[in-house]
Amino acid sequence: MANSKFEIRNSKLKTKQITLPLTKDDVMKLHVGDMVLINGLLVTGRDKVHKFLFHERLKAEQIPFNLKGMILYHCGPIIRKTEKGFKLIAGGPTTSMRVEIYEHQIISEYGLLGVMGKGGMGKKTIDALKKNSCVYLHTIGGAAVYLADRVKRVVDVWKLKEFGMAEAMWLFDVADFPAVVTMDAYGESLHEEIEKRSYSKFKRLIK
Amino acid sequence: MLKLLDSIVELYKKAASSLPPDVENALMSAHAKETKGTNANSILATILANIRLARKTGRPICQDTGVPTFFIKVPCGVSHIELKKAIIKATRIATMEIPLRPNAVDILTEENTGDNTGRGFPILYSEETKGKTLTIDLMLKGAGCENAGQIYKLPVDELKAERDLDGVRRCVLDAVYKAQGKGCPPYIIGVGIGASKDQVTRLAKEQLLRDLKDRNKYNVLANLEKRILNDINKLGIGPLGLGGKTTAIVVKIGVNHRHPASYFVDVSVSCWANRRARLKWQIRNSKFEIRN
Chain A
1 MANSKFEIRN SKLKTKQITL PLTKDDVMKL HVGDMVLING LLVTGRDKVH KFLFHERLKA
61 EQIPFNLKGM ILYHCGPIIR KTEKGFKLIA GGPTTSMRVE IYEHQIISEY GLLGVMGKGG
121 MGKKTIDALK KNSCVYLHTI GGAAVYLADR VKRVVDVWKL KEFGMAEAMW LFDVADFPAV
181 VTMDAYGESL HEEIEKRSYS KFKRLIK
Chain B
1 MLKLLDSIVE LYKKAASSLP PDVENALMSA HAKETKGTNA NSILATILAN IRLARKTGRP
61 ICQDTGVPTF FIKVPCGVSH IELKKAIIKA TRIATMEIPL RPNAVDILTE ENTGDNTGRG
121 FPILYSEETK GKTLTIDLML KGAGCENAGQ IYKLPVDELK AERDLDGVRR CVLDAVYKAQ
181 GKGCPPYIIG VGIGASKDQV TRLAKEQLLR DLKDRNKYNV LANLEKRILN DINKLGIGPL
241 GLGGKTTAIV VKIGVNHRHP ASYFVDVSVS CWANRRARLK WQIRNSKFEI RN
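Chains as they are written, first to last, in our numbering: chain A, 1 to 207; chain B, 1 to 292.
With the rest of the complex left out, here is chain A (with noise of 0.2 Å):
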């Protein structure tokens, strides 16, 4: 089979890191297939946190930790209380699209500029991307140990007691936490297009 228009870049050179908070000029450098080390403060959100900013719009004010520039990672970690604190045992991404109904609103009101998760997201997340200069990054679903170790620390947590460990939203300090573009701003789509193309096939093998 041919290989993808989006084929990962993964020699080191094409390497990209990025730091954040990003900015727009920062999401504007990101393309499909863009393999990237992020460094810096990511939030971690999935299903309970989605609902929950999509409902209450909350201002910025009332959130403990600064959304704008943030990457949003769809994450439910395992992790252990100790007496010198949080430690990250397990987390890897769970699947972005059961928040596709939120997401589009969570990213221009709060001001993401990039969502991370595993499988992809729908038409209005695409949308938004494009409308509001983010970007969707995608990491290695099951790899929850490998990506446990680019956490460099878990700095502090919101919704602990409310929501339980793994809907809480998680403030991690991570170097070299990898991931690929597979949605960018442009409006371009990693999973789209393989989704087109297995359609193709699929209609072939059940015609």
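Hints listed in this document are in silico derivations from the structure and should not be mistaken for laboratory results.
Beta carbons are placed, not taken as given, at the ideal position from N, Cα and C, and that holds for glycine.
A portion of the hints provided could be inaccurate.
With a cut-off of at most 27 Å between alpha-carbon atoms, the simulated DSS-like pairs for lysine-lysine come out as follows [unchecked claim]:
#, chain 1, residue 1, chain 2, residue 2
1, A, K152, B, K13
2, B, K226, B, K245
3, A, K124, B, K178
4, A, K51, B, K178
Label pairs and their computed distance ranges (CB to CB) [what the hints assert, rightly or not]:
#, chain 1, residue 1, chain 2, residue 2, range
5, B, T35, A, K51, 40 to 46 Å
6, B, N25, A, A60, 47 to 53 Å
7, A, D176, B, M96, 27 to 33 Å
Reference excerpt, derived from the structure (chain A facing chain B, CB under 10 Å, subset only) [claimed, not checked]:
#, residue
8, I79
9, E83
10, R98
11, M165
12, V180
13, T182
14, L190
15, H191
16, S198
Based on these hints, arrange chain B on the given structure of chain A.
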């Protein structure tokens, strides 16, 4: 029961942090098949590194340790009630010790119980068996791939799926096409065919316990498994859905008799992290072994 309790905690550890060797080997072959410098090749390299790291450090391979699902064969004379108690207690201990991610959420209050126990949680299937050995299979299946499963009642017009084995092939392809990368491929696909919804769903999931290298006892199904796997891998979805040759590593099919009016097909999709482990407990001397 104390020793049994400890051994169930060990079973959890094995299942959560050590991928079965047949699955790991299949992923290694997939890695070798995917062209160097492609999405698929680099993703599989990271997945393999993660598998080794999890085993070495005893940490869960994936943060989603799923809904613990037990398939139990109980010899005559062992109390199902006591066994259930031991499993629930072991679940609480394993959740704290390993640790597992607490996943049991109350539908009514939306609260997480924090210890992986609740109504119908974990899931227990038990049946009586001959002999003096208690066998407990534990499956930890993440929700990303559980959500990717589908159930069909044949015929399905838009798939041109009639009530026959080719109809089954069409359903499986439809399920995988719909799943795309959302359930973390390369997938292990379990298929159950039979008379009723509840039965085929369980049958499909049981196929995920099979050794990847075993051969279906029915030739026609062994051939169908191969054919469907071959078709799936033409879809080009690839590891994690970012393109490639390996969308699934195996298809396993189980059949029951059906009703003249019913032809149910359940497709259970497992992510690459097909976590399972088996505890064998000798009743006579309380000796046990855990393998996966």
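Going down the list of hints, with the structure as the test:
no., hint, result
1, K152/A / K13/B, "holds, 25 Å"
2, K226/B / K245/B, "holds, 15 Å"
3, K124/A / K178/B, "holds, 18 Å"
4, K51/A / K178/B, "holds, 25 Å"
5, T35/B / K51/A: 40 to 46 Å, "holds, 41 Å"
6, N25/B / A60/A: 47 to 53 Å, "holds, 51 Å"
7, D176/A / M96/B: 27 to 33 Å, "holds, 31 Å"
8, I79, "holds, 9 Å"
9, E83, "violated, 16 Å"
10, R98, "holds, 8 Å"
11, M165, "holds, 6 Å"
12, V180, "holds, 7 Å"
13, T182, "holds, 7 Å"
14, L190, "holds, 6 Å"
15, H191, "holds, 7 Å"
16, S198, "holds, 4 Å"
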